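We have chain V already, so just place chain Z on it with the hints.
Protein chains: 2
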Amino acid sequence: MKNIVVINPTDKLRKFSDLWSPKIIAEINDAYVKLAKLKGEYVWHKHDNEDEMFLIIRGVLKIELRDKVLELQPGELVVIPKGVEHRPVADAEVCVILIEPKSTLSTGDAEDTGDKKSTHGEWI
Amino acid sequence: MKNIVVINPTDKLRKFSDLWSPKIIAEINDAYVKLAKLKGEYVWHKHDNEDEMFLIIRGVLKIELRDKVLELQPGELVVIPKGVEHRPVADAEVCVILIEPKSTLSTGDAEDTGDKKSTHGEWI
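Sequence order for the protein chains is V and Z. Heads up, the first sequence is in the numbering used here, so the first residue is 1 and it goes up one at a time. Heads up, the second sequence is in the numbering used here, so the first residue is 1 and it goes up one at a time.
Since the hints were derived computationally from the structure, they do not count as laboratory data. For clarity, every value in this text was computed on a predicted model and none was experimentally measured. Heads up, none of these hints are tricks.
Which copy is meant is left open, because identical chains are indistinguishable; a pair holds if it fits in one copy or across any two.
No farther apart than 20 Å at their CA atoms in a straight line, the calculated lysine to any residue pairs in the SDA-like style are these:
1) Lys-39 <-> Glu-76
2) Lys-46 <-> Asn-3
3) Lys-102 <-> Glu-27
4) Lys-62 <-> Val-6
5) Lys-46 <-> Glu-27
Extracted from the complex, chain V is given alone in its bound form:
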């Protein structure tokens, strides 16, 4: 049987420093729970078939949509529905929990851009 352990996201955050590179910390059914550190502007993208949840651990994350800008404080969450174009922007470093289907690529329908590589994430 799978080993069942308590996961401390704050501890896991000490294990990496690369930005825009989600790390997998758990799986629930067909979804992964990921951690990411964000700073600066990401690329505009959408996930055609997958809703994506952002839950803020530290920092303030802006998520630009085509018609408005969301601002998320620590402890807050949002679900970006499938097909909705969005661009995360972090003026200072932000630490987030992401929950999304295992099939989700970080850049969605967008190409790699500079240091924003398209990835499913790796386990830490």
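Showing chain Z alone in chain V's frame:
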């Protein structure tokens, strides 16, 4: 298009006081994000087909398994895999985020027991 709004779980927690009665605050693909207030001992149960995630907002939650007891502090999370018998126990009130498939019943394979009613949860 669905209205995309930032969700503040702490604000939502002020909207209810009943224990062991999960409230739905968001949906991601085929899963719901729920909030619950727990105090006391729940019933032993399992979810035959659904993994279930617990993420602690406030308080300390024990989750008894048949072979050990997990203790979760605020900010920590655990995934209880499908088929694994578990019993949440909260010595003092605990506030948690639950993420589980829309099909999940709170008591899993167990019957209603006193004030622990089997529910899919209602939206708040």
